[in-house]
Every structure is written in structure tokens, then in C-alpha cells.
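**Q** Chain by chain, the residues:
4 protein chains.
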Amino acid sequence: MKFIIRSVIAGFLFITAASMFSQKAKRVVFFGDSITEAGAKPGGYIIKAGEGLAKKGLAGQYELIGAGIGGNKVYDLYLRMEDDVLAKNPDIVVIWIGVNDVWHKQSYGTGTDADKFEKFYNAIIKKLQAKNIKVILCTPAVIGERTDFSNQLDGDLNKYSQIIRNIAAKNNCDLVDLRKTFLEYNLKNNAENKESGILTADRVHLNEMGNQLVADKMVEALVK
Amino acid sequence: MKFIIRSVIAGFLFITAASMFSQKAKRVVFFGDSITEAGAKPGGYIIKAGEGLAKKGLAGQYELIGAGIGGNKVYDLYLRMEDDVLAKNPDIVVIWIGVNDVWHKQSYGTGTDADKFEKFYNAIIKKLQAKNIKVILCTPAVIGERTDFSNQLDGDLNKYSQIIRNIAAKNNCDLVDLRKTFLEYNLKNNAENKESGILTADRVHLNEMGNQLVADKMVEALVK
Amino acid sequence: MKFIIRSVIAGFLFITAASMFSQKAKRVVFFGDSITEAGAKPGGYIIKAGEGLAKKGLAGQYELIGAGIGGNKVYDLYLRMEDDVLAKNPDIVVIWIGVNDVWHKQSYGTGTDADKFEKFYNAIIKKLQAKNIKVILCTPAVIGERTDFSNQLDGDLNKYSQIIRNIAAKNNCDLVDLRKTFLEYNLKNNAENKESGILTADRVHLNEMGNQLVADKMVEALVK
Amino acid sequence: MKFIIRSVIAGFLFITAASMFSQKAKRVVFFGDSITEAGAKPGGYIIKAGEGLAKKGLAGQYELIGAGIGGNKVYDLYLRMEDDVLAKNPDIVVIWIGVNDVWHKQSYGTGTDADKFEKFYNAIIKKLQAKNIKVILCTPAVIGERTDFSNQLDGDLNKYSQIIRNIAAKNNCDLVDLRKTFLEYNLKNNAENKESGILTADRVHLNEMGNQLVADKMVEALVK
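Chains as they are written, first to last, in my numbering: chain A, 1 to 224; chain B, 1 to 224; chain C, 1 to 224; chain D, 1 to 224.
Simulated from the structure, these hints should not be mistaken for lab results.
Heads up, some of the hints might be wrong.
[Claimed, not checked] Covered by chain D, according to a simulated footprint, are these stretches of chain C (three or more residues, beta-carbon under 8 Å):
#1 88-99
#2 112-120
[Stated by the list, open to error] Distance condition first, Cα-Cα at most 30 Å in a straight line; then the derived DSS-like pairs of lysine-lysine:
#3 B:180 - D:126
#4 D:194 - C:88
#5 D:194 - D:127
#6 C:131 - D:131
#7 B:88 - A:131
#8 A:126 - B:88
#9 D:119 - C:134
#10 B:126 - A:131
#11 C:131 - D:127
#12 C:170 - C:41
#13 D:134 - C:127
#14 B:194 - D:41
#15 B:180 - A:126
#16 A:194 - C:127
#17 C:126 - D:131
#18 D:180 - C:88
#19 B:127 - A:126
#20 C:119 - C:24
#21 B:180 - D:194
#22 C:127 - D:119
#23 D:88 - C:119
#24 D:41 - C:119
[Claimed, not checked] Short derived list, chain A residues pointing at chain C, Cβ under 7 Å:
#25 152
#26 153
#27 155
None of these values were measured; they are calculated from a predicted model.
All residues carry an ideal CB built from backbone N, CA and C; glycine is no exception.
With the sequences and hints as input, model every part of the structure.
**A** Here it is, written out as C-alpha cells:
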């Protein structure tokens, strides 16, 4: 079995979990920001998820497509969803967004208000569900890995994660609660309360362990 | 002649410049933020524009519709343009947006990056022009009326106004350059270099003179 | 026993815990922001602390002076400490600052960087300790009373509180850990995870219960 | 004649305009941020001012000392003025501050409110004048060199410059109005309306021409 990786346009990468698909292969688009953009590169969580599916003998049943662009916030996803998601006719869309919506408030003054975050998120789901696409939501993992909630943006990340959990519940969407997953992992593995280096390289973007952990959770969500 | 004002839903107001329309009455939607929301209320610039058209004997030729919602930024317009603009089948759409894109950077950390402002603006125009709707653009007028460019956000307002001027030029759209209009008016009428009270009540929202000045410019743009 | 309250200048209030002081009455200045400014008004925590001391029969042993000014950050305290604290020849200074240093980052873009917060805080302590004044530090209590760390600024508040705890430890200062106190109280009494109304009126400023809780903690710190 | 440059502590550089001083050599401290920190390095405006004085045959009459630290805002100057300025017994202090007070609002959320900027600035001048030190004020030059006031922070820079001009007038201080100087130079030499490259390398920090222009203005102010 081999992976075919075709670079389509800047920032996009198509990863096929097998060179030939049966008619039943489900097309999965991972829709997100720079974390997902990196996820489609070698060692990234999408690649690792493909490997994880292959180990389970499911290589031919899923086609994994990365659609992440650095700096994206929820409204950027909404703007480009026709071209980058719907045009690909996916069966499943995994939405992982929120870090920049919170982070850019502080770094550029251009984050997203909570009420508008929710509004755009719902608008995306509505369009996807209208096409009978299964939608899986993820909470933003971390901006800083400290476990005592002393990372500067923990308050807002917790707030926006709760918004996403509520959206998932209301729309009957599966949830990959990465914020919860990352906190639990750090509580066990980050005794020194470090800002980064456990699951991230730089407080936000995934290191190898982070990519593996996310990949495992994505596989769980896909095959359940 | 009388004006018929029907309140449809909160924040929206339909103003008809005459009780009966000939088939040639052009439907104009004013698409914007709180300034435009107020513009559709008694004394507002849309009402005054209707009066201005009536004085010119053009009452029956235009139907003016307000579609402003407080706090809107360019991406909010994009999100609601199907329901609030396209659903009304307008002949002309006047877009007046930008104050909150700049202002909210400072007040809430949720303004709009310049590159994304341009991207969403272009996406709106593209959708409108695809339906053969004439698009008229406006520059954001003021956040503070001082004439020596010492209003805190003048730099960004000038920058975003220039972005809009460039978009207008590239897309062959008419431009109502309210930023230029307001500066010229203040240079003549604001010798004390006051922050507000000349054309605005509160540095941003229009007072009676401001509404009249904007109405005059809108009429000019419509009938030219 | 009666309380003498003399208003000296706007924002300052001198509260004497008894009308006559023996030579051993310790003069205590509460040095802070709007929370402390309100604390010196009827029903405020400084008044309540005076009452608490009186109940313990210690009315004559402490003179409590409010020196809080709304909007103050750590560097504002440093700027006015000569006039508002040292000039009063206090035996004890209770410093309660930090809410605006965090909050104003988000609301005005004029908060205080963590490293400078620490630098100014240390400079204040150094000047006070050089005059043999006992210094008691307080952590900022809350900006929002939710107990799941989903208040927007919880991350930074936790971070700045930890900075203050470290400063207290390094300088052998007593600590009134109000952030810890408030969280513990809310975990017991805020089952609905409300933003305000438990110990604060508006997420930040103390209601009656909040003033009482702080007063109790201040009395504990003074008499220990 | 030679220049003696002694590095004293990180960020500080002492520049003597001549190897031997007569008793009448005036000691001048340049008190500021990263621009002034760089100004004391080879090619910097303080070095160039020393050269300019030498060309006028005034090398022995001035001792120029750099006291700039990167990232400083007005309150940082206040905090360190005892050690870094008063301890040097200067005859003249040139204060050049303000860029970070404005800039950090946007980049970190830790700028300085206008009223507090004025308060700290006045406190510095008061302490210097109490020691009969002559104080020369400078306005912040630029954050971006565009001449049409479309640099993002032009509004606030103009506002804070006006505050400084008013402080100079009220306290009978000489003023080096670098904001005016830079604008005039750019109006003549920046026909393409570029953001940087005329007097700055990066919109803020001086290139060779910028250092020369500032040096010339400093010499003018010192010898007048």
C-alpha cells in the first residue's frame, strides 16, 4: 500500500489512503487553519491518521483530504467552503477551527467575537448538513500547554470550546474534544507545567507526539 | 406623495419613495452597519435621500431599502447578503462598511485584517455583479471629526478607504467617497478641530447635518 | 465606638477604626484600584474590616486608610506612592492591584506586560521595605466568577496571580490570596457557573458578600 | 579628535564627544527607547550628532550619553530615571519617547493611555527641572513613512505628538518636532508613498539618512 500525495494548489494537499478506491471509500475533508495545513504534510496528523487507518486494514475505505490554510478563522472557512470543501463532494468534513479566532484578538486585534464565532460556525454546519455531509467538530486544543490554566488565553479557549460543544450537541454532530484530550495528556505528562514541548512545538502547532495523538483521535472518530 | 415605511424585522426598514411604483422604479438596497440602520429611521440619510429624490420629481423612480445592522463588519455583510440583499432583487446596492472593521480592533480586539477586508469585499461585489446588480461603494466617513488626522484611528481609516477606492476602480463601481466629503466639510466648518458635533453626534453616528450631507451624496450617485 | 470617616480628596477616604488611638495603633494603607476605592465607602471592605477588628476588640489598634483610585494599574501605584502612601507614614501597606493590568489589554489595549508588572511591583515593595513598612500582597480576585476557567481573562489572571505569589515568597511578604479565596467560594456557592452575582456585582466589583469575604481575609492577615 | 565609546551595561553606551573635557562641557543624556539605544551605536544619531558638533568645533563642549532601552514606554523612563539619568548628573536631557506607547496598544495590548502618557511625562519633567536640568522634548517620528496619513497608527501618533507639543509649551521646554521633520522630508522625498526605506529601515527604526537627519536636528537644538 502506498500513499499518493498530490499538491493541488498552495496550501492544499490531497492525501489518498490507498491508490485505488472502492466505491465505498469515504471522502473526508479536514477543514481548518495552519495546524491542519501542517497536518497534511509529512509527519502531520492527517498523514498519521491515514497510517492509522491502514494499520486497521481500512486503508481503502477512507480518502483523507487536507484543507487547512494558515491564519484562518471561522469566517475564512465560511468564505472558502464552496471551493475548498463542497467542490470536493466529501462524505465527511472535520472542522477544526478556533485558535486564531481567540489568538488574533490579542496579537492583531482581529479575533472573532463569541457571538459571531457561533453564527458563522452554525452557517457552515447548515450548508454541509444540507448536502447530507456528516460533520465532525473539534475543540481548539491549546495556546500554551500549562495545566493550571495560566496560559494567557485559556479563559477564551475554554469559552469558545464550550460554544463548540454546544453547537455539536444542538446539531447532532460528533465531537473530537481535543481541548479536553490535550489537557488530560498534559496533566499526566507535563509535571513541570511547561508552556510547550509536550504536544506542541511552539505552544500551538503540533510536534510529533501531538500529531500522533490527534491522528489517533481522528481515527477513533472516523471508524466509530 | 407620501412615504410608506414598513418595519419588517428588527433592524430592517423598508422605505418606499412613493406609494405606487411604475415598472421602472429602481430598487436600491443600502447595505451597512449601525449608521445605515439609523439611516432608515426618521431623519436618517435614507429617508432624507428619498425626500431629495422627491424634490427632484424622481419619487416614483426609486425604491430605497435600508439593510443596516449595528456592529456589522464586512464579513457580516457577506454572511447575510443572501437573505438581506439578494432576496430583495435589488437593481442597485450601496455598500457602506468599514468603521467597525477598523474600530473593533481597538475596542474589542475583533476588527478585520486589511487583506481579509479586501477579500470579503471583493466576494460581495462578485456575487452582486454576477446578478447584474449595480454596486456603489462608500468609504467609511469618520471615527472622530478632527481635521489634522489626530483622531486615533485615522491612519487605518485612510488605509481602508484607499482599499475601497482601489476595489471600486478595479470593478468599475461608482464610489461615494464619504471620507473625502467629510474631511472637506470639516476643514471648512470645524475650525475648532472638535471631535464630534459637526457631522456626527458621537464621532461616528450622523447628526442631522451628517444625515443630510450623506443623503445629498447618495442622491447624486443614484441620479447621475 | 464610632467610625470617623473623613473624605480628604476625591477618591480617598480615611477610616479610623476608633475615635482615639493609643500610641500603638497601626496605620494600614490599602493601596489599589477602583475595588479599593469602593472599599473605603459605606459597606466597602475596608469599612467592614474596621468593623471586624472592632468585634475582636481591636478597634483601637488599627487605623485603616483607603488609597484606591479607579483604573489604576501597577505603574500608577508606583507614580503616586510618595504622595498617597509614604506621606501617610503607614506601618502596613496592603497592595491589591492587577485587575486593570490584565483587563485593559483587552478593553483599551493599554494593559501591562507581565515582565513590567513584576518590575514595577518589585520597585514598590523595595521602596516600602526600605522604610520598614510591612507589605501585604493580594492576588487579583476575578474578572468573571465562572469556576471552569472559561472567563475570558482567566489565563492571564492566573498568570499574574502566580507572579504576585512569587514576589511575596521572594520578599517575605504576607499574601492574601484572594484569587484562590474567590475560586473556592464560587466552587461551593456558584453551582450555576454564573458570571457575576456571587461575590461581585458586575464580574469585577464586590457586592456585599464580596466585601465581607475580603474584609474577613484582611482582618485575618492583619491580626495574625 | 577621537570618540571614546565605552559600553557600560547592556543597552547603555557612553559617547564622549572629545577625549578631554573642559569644565564647561555640557553633559547630555539622550533618554528613550530602541531608536535611542541604536542611536548610540556606530552610525547612530547620537554618534552622528557628536560628529556634527565636532565639525562645528564644539567637540569639547558636549558630552553625549545614550540612555535608550528597547521597548521602553514613558513609564519605563520614569521607573529608571534615577539610575540611568539623574545618577549621571546631566546638564541636558533629551527625551524621545512615544512610539511604543502607541504601537504596543495594537501589537501587545500594552500601550499607554493618553492621559497617563501625559501624567508620567510631566512627572519626569518635574523631577528633571527640580534639579535644574534643561529638558528637550522630541515628538515620535513615524510608524510607517506614508505621507497621506494612511499608516495604521498615524492618528494616535499625531495625537500623542500634540500632547508632547503642549507639554513643551507649558513647561518652557525646547522641542525637536521630529514628527513634523519626518513628514516634511517624506513629502519631498517619498513620492511613491512607501512605508519604509526613506528615513527608516523598517517603518520605525532609523536608516542612515534617518540617523543623519535626527543628528542634525539634535545638534541644532543643542547649540541654539
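**Q** Work down the list of hints and note, for each, if the structure agrees.
**A** A quick look at each hint next to the structure:
1. 88-99: Our answer is that it is violated, as 0 residues pass the Cβ test (under 8 Å) against chain D, missing three.
2. 112-120: Coverage by chain D holds for the stretch 112-120 of chain C (5 residues, Cβ < 8 Å).
3. B:180 - D:126: violated (42 Å)
4. D:194 - C:88: violated (55 Å)
5. D:194 - D:127: This hinted pair is violated, its Cα atoms lying about 40 Å apart.
6. C:131 - D:131: holds (24 Å)
7. B:88 - A:131: holds (25 Å)
8. A:126 - B:88: holds (22 Å)
9. D:119 - C:134: With Cα atoms ~28 Å apart, residue 119 (chain D) and residue 134 (chain C) stay inside 30 Å; holds.
10. B:126 - A:131: Holds, at about 24 Å.
11. C:131 - D:127: holds (21 Å)
12. C:170 - C:41: Since the Cα atoms of residue 170 (chain C) and residue 41 (chain C) sit roughly 33 Å apart, the hinted pair is violated (cutoff 30 Å).
13. D:134 - C:127: holds (28 Å)
14. B:194 - D:41: violated (43 Å)
15. B:180 - A:126: violated (41 Å)
16. A:194 - C:127: Violated: residue 194 (chain A) and residue 127 (chain C) sit about 33 Å apart, past 30 Å.
17. C:126 - D:131: holds (24 Å)
18. D:180 - C:88: violated (45 Å)
19. B:127 - A:126: holds (20 Å)
20. C:119 - C:24: Distance ~34 Å between residue 119 (chain C) and residue 24 (chain C) Cα, so the pair is violated.
21. B:180 - D:194: holds (21 Å)
22. C:127 - D:119: With a Cα-Cα distance of about 21 Å, the restraint between residue 127 (chain C) and residue 119 (chain D) holds, given a limit of 30 Å.
23. D:88 - C:119: Holds: residue 88 (chain D) and residue 119 (chain C) sit about 22 Å apart, inside 30 Å.
24. D:41 - C:119: holds (27 Å)
25. 152: holds (5 Å)
26. 153: With Cβ-Cβ at 5 Å, under 7 Å, it holds.
27. 155: holds (3 Å)
Taken one by one, the earlier hints fail for this structure at numbers 1, 3, 4, 5, 12, 14, 15, 16, 18, 20, listed in ascending order.
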